[in-house]
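Chain by chain, the residues run as shown.
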Amino acid sequence: MENKFLLTIDGRELEATPGQTILEVARAHGIYIPTLCYYPGTSTAGACRVCAVEVENARTLVASCCMPASPGMVVKTDTKRVLDARRMVVELLWASGNHNCLTCEKNGDCELQDLVYAMKIEVPRFETDPPGHRIEDSNSMIRRDLDKCILCGRCVRVCSEIRGNSIIDFSMRGSKAKITPAFYDDLIDSECEFCGSCVQACPVGALTFKQARFGGRPWEVQKVRTTCPHCGAGCQMELWVHKGTIGAVYGVEDTDTENRGQLCVKGRFGLDFVHSTERLTKPLIKKNGAFHESSWDEALDLVASNFKKIQEEHGSDALGGIASSKSTNEDVYLFQKFIRVCLGTNNVDFCTRFCHTPSAVALTRAFGGGAMTNCMRLSEKADVILVSGLNLTEMCPVPGALIKKLVTSGNLKLIIVDPRRIKIIDNAEIWLSPKIGTDVAWTNGMMHVIINEDLYDHDFVENRTEEFDRLKDMVSSYTPEKVEEITGIPGEKIVEAARLYAAADNASILYGMGETQHIYGTDNVSALCNLALLTGNVGKAGTGVNTIAKQNNGQGAGDMGCLPPIYPGGQPVSNSEANEKFEKAWGTTLSMKPGITESDMVITKGNIKGLYVVGGNPMRSGPNLNNIEEVMEDMDFIVVQDMFLTETAKVADVVLPACSFAEKEGTFTNTARLIQRVRKAVDPVGESKPDWEILCELGRKMGHEWNYSSPKEIMDEIASLTPPYGGVSYDRLDKGGIRWPCPNNDHPGTPYLWKEKFNTASGKGVFFPADYNPPAELPDEEYPFILSTVKELCHLHTGSYTRYSKALAELSPDDLLGINPLDAKKLGIRDGDDVKLRSRRGEIVIGAKTSGNIPEGTVFSTFHSSKIPVNVLTTDTLDKLGMTPELKMCAVKIEPV
Amino acid sequence: MKVFRSHILICGGTGCHATGSGMVKQALTAEISRQGLTDEIRIVETGCNGFCAMGPIMVIYPDGIIYMMVQPDDVPDIVEEHLLKGRPVERLLYREPSTDEAIPEMKDIPFFAHQELRVLRNKGLIDPERIDEYIARDGYAGVAKALTEMTPEDIVQEVLDSGLRGRGGAGFPTGLKWRFAAQSKGDIKYVLCNADEGDPGAFMDRSVLEADPHAVLEGMIIAARAIGSHKGYIYCRAEYPLALRRLDIAISQAKEYGLLGDNILDTGFDFDLEIYQGAGAFVCGEETALMTSIEGNRGMPRPRPPFPAVSGLWGKPSVLNNVETLANVGQVIAKGSEWFASVGNERSKGTKVFALTGDVNNVGLVEVPMGTSLGTIVHDIGGGIPNGKKFKAAQLGGPSGGMIPVQHLNAPIDYEHVAELGAIMGSGGLIVMNEDMCPVDMARFFMDFCQDESCGKCAPCREGTKRMLEILTNICEGRGKEGDIELLEEMAYIIKDSALCGLGQTAPNPVLSTIRYFRSEYEAHIREKRCPAGVCATLFKSPCQNACPVGMDVPSYLALVRARRFDDAYTVLLRTNPFPSVCGRVCDHQCQSKCRRSTLDESLAIKFIKRFITDTAERPAVEAVPVTREETIAIIGAGPAGLTAAKDLAIRGYDVTVYEELPEPGGMTRYGIPSYRLPRTILAGEIDDIRKLGVEIVCNTRVGRDISFEQVTEDYDYVYLAPGAHKSMKMHIAGEELQGVFGGVEFLRDFNIDEAAWLSGEKSLGSKVAVIGGGNSAIDAARCAVRLGAEVTILYRRTREDMPAADEEIVAAEHEGIKIEYYVAPTEIIGENGTVTGITCQRMKTGDFDRSGRRRPMPAEGSEFTLSADSIIAAIGQSPDLSFVAEQGGISINKWDCFDLADGSKSCTTSDKAFAGGDAVTGPWTVIGAIAAGHQAAEDIDDAIRQRNGEPAWEGPADDGIVIPFEIDEDTEEQPQAVMPELEAARRKTNFDEVELGYGIDEAIKEASRCLRCDAEI
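If you're matching them up, the sequences are chains A and B in order.
To convert, note that position 867 of the first sequence is 867 in the numbering used here; the numbers rise steadily by one, no gaps.
Heads up, the numbering used here is the position in the second sequence plus 897, with the first residue counted as 1.
Since the hints were made in silico from the structure, they are not lab data.
Each hint should be verified, as a subset may be incorrect.
Subject to a maximum C-alpha distance of 25 Å in a straight line, what follows is the list of computed SDA-like cross-link-like pairs (lysine to any residue) [said to hold, decoys possible]:
id	chain 1	residue 1	chain 2	residue 2
1	A	Lys381	B	Glu1387
2	B	Lys1393	A	Asp129
3	B	Lys1393	A	Leu14
4	A	Lys176	B	Asp1345
5	A	Lys176	B	Trp1211
Label-pair restraints from in silico Cβ distances [as the list claims (entries may be wrong)]:
id	chain 1	residue 1	chain 2	residue 2	range
6	A	Asp114	B	Arg1376	31 to 37 Å
7	B	Asp1084	A	Glu127	38 to 44 Å
8	B	Asp1084	A	Val74	32 to 38 Å
9	B	Asn1194	A	Ser138	21 to 27 Å
10	B	Asn1194	A	Asp114	44 to 50 Å
11	A	Glu127	B	Ala1850	27 to 33 Å
12	B	Asp1035	A	Ser409	18 to 24 Å
13	A	Glu127	B	Phe1863	34 to 40 Å
14	B	Asp1169	A	Gly41	36 to 42 Å
15	A	Ala503	B	Asp1084	18 to 24 Å
16	A	Ser43	B	Asp1084	37 to 43 Å
17	A	Asp505	B	Asp1035	51 to 57 Å
18	A	Arg125	B	Ala1799	31 to 37 Å
Negatives, chain A to chain B, calculated, CB over 12 Å [stated by the list, open to error]:
id	residue
19	Gly46
20	Glu54
21	Thr60
22	Ser96
23	Asn100
24	Gln113
25	Asp129
26	Glu453
27	Asp454
28	Asp731
29	Asn773
30	Pro855
31	Thr877
Just so you know, even glycine gets a beta-carbon here, dropped at the ideal spot from N, CA and C.
Could you build the full structure based on these sequences and the hints that come with them?
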């Protein structure tokens, strides 16, 4: 321990550690000092002064929240002087605003109210005199009633210090001071991301969640802790549920959570899809091209009989299943089990096929496992982070904010690789802007510099890697000049980036689909693995090659074996030992023939006759949609199980209504291998059911006695069969998440992988040198632009449920085509105009949004909307190993409408 | 180097720029070139000279002649007369206000003579835009020494030894601050200069930056060397464009000369400077807010610790000093700490610059040794208060400072003494306030400023100052209530104790300080809804009415005069004043001193118009008021107090009897004021009106002699004691018992009773008379003596400004040939054979200040001289003769021989049957004061009776129905007061005819039409 010392508070001699404030010492010893502006995790403001205490020999009272305790200090917290001052401040604050508790959402959960009550102040000595600020009601998410604001500044500090956004700040002076976005704009007109952290930080009723208004007072609600269903960050949240409706959503502030109280707009305001009137409430059967509601029995019988029929007529391998990254582990586990056991084929895959499978391939062959090697929290240990192909603040806003904070506090430098000038570049030390599809080249270029300047980690290369010479040979030709020619990145920038990355004690790589959705996606990721191995940046905290999953359970679905060649836990179906293990456990014979991928199922006609899709939406997420539509229409029988009637569901024969995350129990595994609980908060909508229940019933219809009583029981089975999950149980998860590998009950989980050795045959990291090859489709005279699909803050993937959130739709109603203003001008397009976008495969009409952050010659579009099927344009040329289409680029032409 | 025969220094400070120095310079350049003098005479535009009130200022060297308020039109004269003919231009010279004497040389002007220029040593002397001129005056010698001869530790020690303390206000030892920063670890450290001067009326730093920017740079370089910093910022408010421009020039010149930048003076030391412009937030003068602002954030203070010396700008160790502190540093190093500490007092060393503003003659920038008394600054350097007004207090330390009232003029101005008095040194803003300052309003003003400038971060400052402002505003607007003062005090202490930064911690200072020194004025606002200073406009109709002790409705009777409704005007006069004709002649007219017209040209001649009304209009007929009440009241003394009370009580239906010792009623107005000022008939008319009401006046009856006091108290239910103050005070010197020595009032009384004997020569003062004293009685006695044919000398121990007598009386006396000797005090009366032959006096010199703010006269040893005199009239003051009141009556009399009043009462003595008023309570005061006392007593006696009987309060007579016209001029043109026609001095000296002849109708109407009608509610 550090040198503890003693000080006296209220006559008691107490122990303190250096750096602790008086407040912290007092609280640690159970001495009550009230606070209002104090907010852990932010800097101390010393603004409200209610924590004032008397310190011997101090000229004035001191704010205990910011005064460091020191040895021998004599503090009094309860003298008349202190109490009078405190009381005066509380009276002043009360009188300063319209603190009308009767209709205040914070009644019963208000820190000012608590103080007034504790101090027994019946009425303040001053006449209540609210400043008369306009209530800002401009959006459907946050209500700002500044007449209730006590100007503690917590919202301001959270926004700037934790979120790194600085949307709001103090303005005006004296008692006219108020907190406002720049130029007194409404929040909706500002750059606000609506993460809602300001609301969570507000101690009074000034900032409230609009969706929770009159939706249950603090003591009337049921508070359910669960895991956010949106992105892969795994934020822990508390849902405030009143009469079956989710109202306010709070981030769980425990310091051992990934998010430490933070959420993003989707988690905070985007859960209303649960209550959408468009949810599916009954099974639907298509008759004569139209859906008709049916009973569960009828629908499931129809499904079972059709599957059986296809099995009998075309064999098991004519059937296939596509799972989703959104489902719980228990659901996807049971799904792949259903495909393997009931349908008798390994044709099971999940939506990650279209985004991240190259990662799994490349990471597995380099390190022996396809997961994120470090975790976000360990970014704190990193000196440098290279972020590539990942729009961090939009993709995973909460970890993005953490990284911004680490940069602003001076402990971290960022190298950002992105063709667009994305927001995080504001915080970057170096920005590399390559031409799309040239990632291997700049990565090789950096390694060239590192080897050339002898900056690589000799020890590590020697002791923990193999095939270095091959790498050396490969990158020797990637001089900065050559790389500049290929990528467009100035050679000196490559040198600069290489030196910065190599010089770091701990350098981490975070990447996203900008790396993987290419025909050389696997090579791209291999190049990154090579870079990390070369500099010894694997196997320790704050380093690694970290793939960022886009969806909440992208990692879990893979872990659960929703992949054609492997069982849960990466155990190959073709391995007889594994095969035997599962045959025994599942009590049936299993095929040892690896199945086909989602790409093979939906892109190539004729492979599949009967398809079972749970939560996936290939009709929007897949490439070259016109083709997929043809392929699917050609199938004999399609079952789609989802919450909404997705575009894929529309082509199905049977649609089964599934529950949302809020209606069921289960677990998600976040992008950093953290397994966390999902808890039921509301009852299922209509006759919808959790996937696992549907699968059980269907299993029984298919002749298997599946009688799981609950997801807990399923998790126990998972643990028994999946070595990295070996120590996972609901009992343990209820105390907090577990980061796999966790082989047994006593294992604490694993913050980062490959500490001592790799999971390769030799136990060493393997360099897989990659040469640069041009992309599948380059612009030409006819199709002069590159189109790249991206995602944005408010929506996920195909928007299959974020679209049903009122708040998210308000912020981001439509997909837009981002275009450089110079390009737009050449084409005669103005901001907001609709344009026709045409590729060799199809055409769409989309609104244009000009932005100088976008390079010339390239246009970017999101693909979240059902109205605009951007993916009719994209190419279905695949990465050879990952079988992932090159969604990140295709050639298009743009015409004004 | 080119030699010029003469240098003309034109002040280019902001003040002189504003008054047109730029145009003067242009004109001068043109004229000099026209006259072909370009090679002989050099024009230099300097920084602020300091004497801003007199700008544009021009100093011509080598003579050192200073010209004031120079305009372009004056330039040809200056060139022709001064530069060509060598004759100073008389009309542009400075004139001492008290003596009107022209003082040609700058060094002889008191404003400059009392100063000690160190920080401002180059002001008005060098061209601030030329580094060579600074260097020529030993500039950068400190840097050279610090960088080549001293270690950083040496520098810190030298500064520490000098005792230099922060001139920004808090007075923290500069050396100690540097030591902390020097000891902090880190490669990056900052030196910051606080040039965000924001106090209203303060411009010390601006002037230094404008006049001598290199001095600040030099200080910063030395500070940087001392703490190991290589980067500095000057945080200067954007409202100082000239300072910013000169700083810019200075920085680039210093860089050019290798005094800034890399490898300074080849010593290997690097230091660079940048200017950061503040956007005008007062709080950014607070060090942590200033740093936050430089960091690009909203300037709000942050909690300390960590202190800036450890973690300041961008979290790096930083020192922040203000402009003046840094401007001292170069000299501290160059000349040594001992030199620095050679002026000042024990704990405050060196000098301090003050921006002297407000109600003071010499507004400007002054630098004085620490410990100089406030009085010296205000009176000697500042030249006293303009327009004959009195000094009331000085606000020191800006809006967060406090007031130092008149009784503390002797206080030495240094950090500790100022704090003891409840003010702060602050950065040196010194606002002088005269008697017209309302302390509540002033506190409100400063609180308004602080509330406006509060950054809003901490609750006590943001909300607390708002509430204090609210309470102060309520008080100023007549909504004050009991308990407000106590609540203000409680809030003040809590805010001081709990606010985050210096702004909040000091914001309550003006409130505490004004409550401390002017609590009674707060109480007047709260309890009487009255603003004694006549500032809080919601509390009165017009300032003149507010100033009048009886609240005469001045605007109304002026309006009636303008409308030629003189009879109505008389009726209005009589509503509040039974003796308007008296007051029209002898009132001290406090109303006129508050007249707003005086800000335009001259105040209204209210007194003269009042007299005009009583001279011109017919006095309204008076009818007896029947006695309707059982209670009987005796009044002792038929002076204005007694008679006013008698009238008021008679109107209320009481049976009133007035006992008067002298043969006729009127008191001092009859027997003290000579008839050339107040003709007898006029007074008699107004007294008659009181008799007509039914009041019985029993003259020639002295209570205690002709009728016992016990008898009176037995015969009457209530007694009002208004015997006046008719006993001259003794001088307590040898020879006072001699024949020919008179008391002032005794002489006047005797003369007025026995006029015939004096005029016939039966009684005589002889041919040479010495009058001792400076009050109205002394002047009255002297002017009587002149009229009796004597040669009269008045001996007064202080200055003319200190004389309590009305100024017009003094002037009249001088016109009549009376000689007034100032600074003279008698030490002995000399006589032969029991009769006066002369008086020995001593010359006086000025000492420190007394509680009233006047200089105490101190005897000048060995200056005795003797005047021959046949009579001596000692008119040094009067006291009441209360020997008639029985000691056992329970009526308490104080050490000044005046009645004590019961606690909380304005007229009741310590016996509940006896009331008292007039001079017998206050000591010698004014007629109008006595009338006010009479009104008060009548009301209190009536209230006491009714309260005892359980009756409702008296309701006054019905409205007299006079509608006041409202007519004003569309445009107001400057137009002085109408002159009062007088008898010529030569003629009037021989008789007792009324001197002032009174306005004619046209004059009166014209004068009344000057009224601005402040009473109008528009």
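So, going through the hints one by one against the coordinates:
For the hint pairing Lys381 of chain A with Glu1387 of chain B, the CA-to-CA distance comes to about 51 Å; that exceeds 25 Å, so the pair is violated. Straight-line distance between C-alpha atoms of Lys1393 of chain B and Asp129 of chain A comes to about 23 Å, which keeps the hinted pair within the 25 Å bound. Between Lys1393 of chain B and Leu14 of chain A, the direct Cα distance comes to roughly 29 Å. Violation of the 25 Å bound is thereby established for this hinted pair. Taken as a hint, the Lys176 of chain A and Asp1345 of chain B pair is honoured in the structure, with Cα atoms around 12 Å apart against an allowance of 25 Å.
Between Lys176 of chain A and Trp1211 of chain B the CA atoms are separated by roughly 29 Å; this puts the pair beyond 25 Å, and the hint is violated. At about 34 Å, the CB distance of Asp114 of chain A to Arg1376 of chain B agrees with the hint of 31 to 37 Å. Against the hinted window of 38 to 44 Å, the Cβ-Cβ separation of Asp1084 of chain B and Glu127 of chain A comes to about 55 Å, which falls outside the hint. In this structure, Asp1084 of chain B and Val74 of chain A meet the distance hint of 32 to 38 Å, their C-beta atoms being roughly 37 Å apart.
In this structure, Asn1194 of chain B and Ser138 of chain A meet the distance hint of 21 to 27 Å, their C-beta atoms being roughly 26 Å apart. Checked against the hint of 44 to 50 Å, the C-beta distance between Asn1194 of chain B and Asp114 of chain A comes to roughly 31 Å, which is inconsistent with it. At roughly 32 Å, the beta-carbon separation of Glu127 of chain A and Ala1850 of chain B lies within the given 27 to 33 Å, and the hint holds. The hinted window of 18 to 24 Å between Asp1035 of chain B and Ser409 of chain A is violated, with their beta carbons roughly 47 Å apart.
Between Glu127 of chain A and Phe1863 of chain B the CB atoms are about 37 Å apart, so this pair conforms to the stated range of 34 to 40 Å. Taking 36 to 42 Å as the suggested C-beta distance range, the pair Asp1169 of chain B and Gly41 of chain A conforms, at roughly 37 Å. As the Cβ distance of Ala503 of chain A to Asp1084 of chain B is approximately 19 Å, the hint placing it in 18 to 24 Å holds. Checked against the hint of 37 to 43 Å, the pair Ser43 of chain A and Asp1084 of chain B fails, with Cβ atoms roughly 24 Å apart.
Take Asp505 of chain A and Asp1035 of chain B: their Cβ atoms lie about 54 Å apart, and the range 51 to 57 Å holds. For Arg125 of chain A and Ala1799 of chain B, the Cβ-Cβ distance of about 33 Å falls inside the hinted range of 31 to 37 Å, so the restraint holds. Not every C-beta of chain B lies more than 12 Å from that of Gly46 of chain A, the closest at about 3 Å, which undercuts listing it as non-interface. Listed as outside the interface, Glu54 of chain A is inconsistent with that label: its C-beta sits roughly 9 Å from the nearest C-beta of chain B, within the 12 Å cut-off.
The beta carbon of Thr60 of chain A is not kept farther than 12 Å from every beta carbon of chain B, the shortest such distance being approximately 5 Å. The beta carbon of Ser96 of chain A sits about 5 Å from the closest Cβ of chain B, which is not more than 12 Å, so the claim that it is off the interface is violated. Remark: the non-interface label on Asn100 of chain A is consistent with the geometry, its nearest Cβ contact in chain B lying 18 Å away (cut-off 12 Å). With 12 Å as the threshold on Cβ separation, the claim that Gln113 of chain A sits away from chain B holds: the shortest Cβ distance comes to roughly 16 Å.
Look at Asp129 of chain A: its CB is around 8 Å from the nearest CB on chain B, not clear of 12 Å, so calling it non-interface is violated. Interface exclusion of Glu453 of chain A from chain B stands, the closest Cβ pair being 27 Å apart, more than 12 Å. For Asp454 of chain A, the condition that its CB be more than 12 Å from all CB atoms of chain B holds, with the nearest at approximately 29 Å. A cut-off of 12 Å between C-beta atoms confirms that Asp731 of chain A is not in contact with chain B; the least separation is 45 Å.
Residue placement check: Asn773 of chain A keeps its beta carbon more than 12 Å from all beta carbons of chain B (closest about 47 Å). Non-interface call for Pro855 of chain A relative to chain B: holds, since the shortest CB-CB distance, roughly 30 Å, exceeds 12 Å. The non-interface label for Thr877 of chain A is consistent with chain B: the shortest C-beta to C-beta separation is roughly 49 Å, beyond 12 Å.
Hint compliance for this structure: hints 1, 3, 5, 7, 10, 12, 16, 19, 20, 21, 22, 25 are broken, all remaining hints hold.
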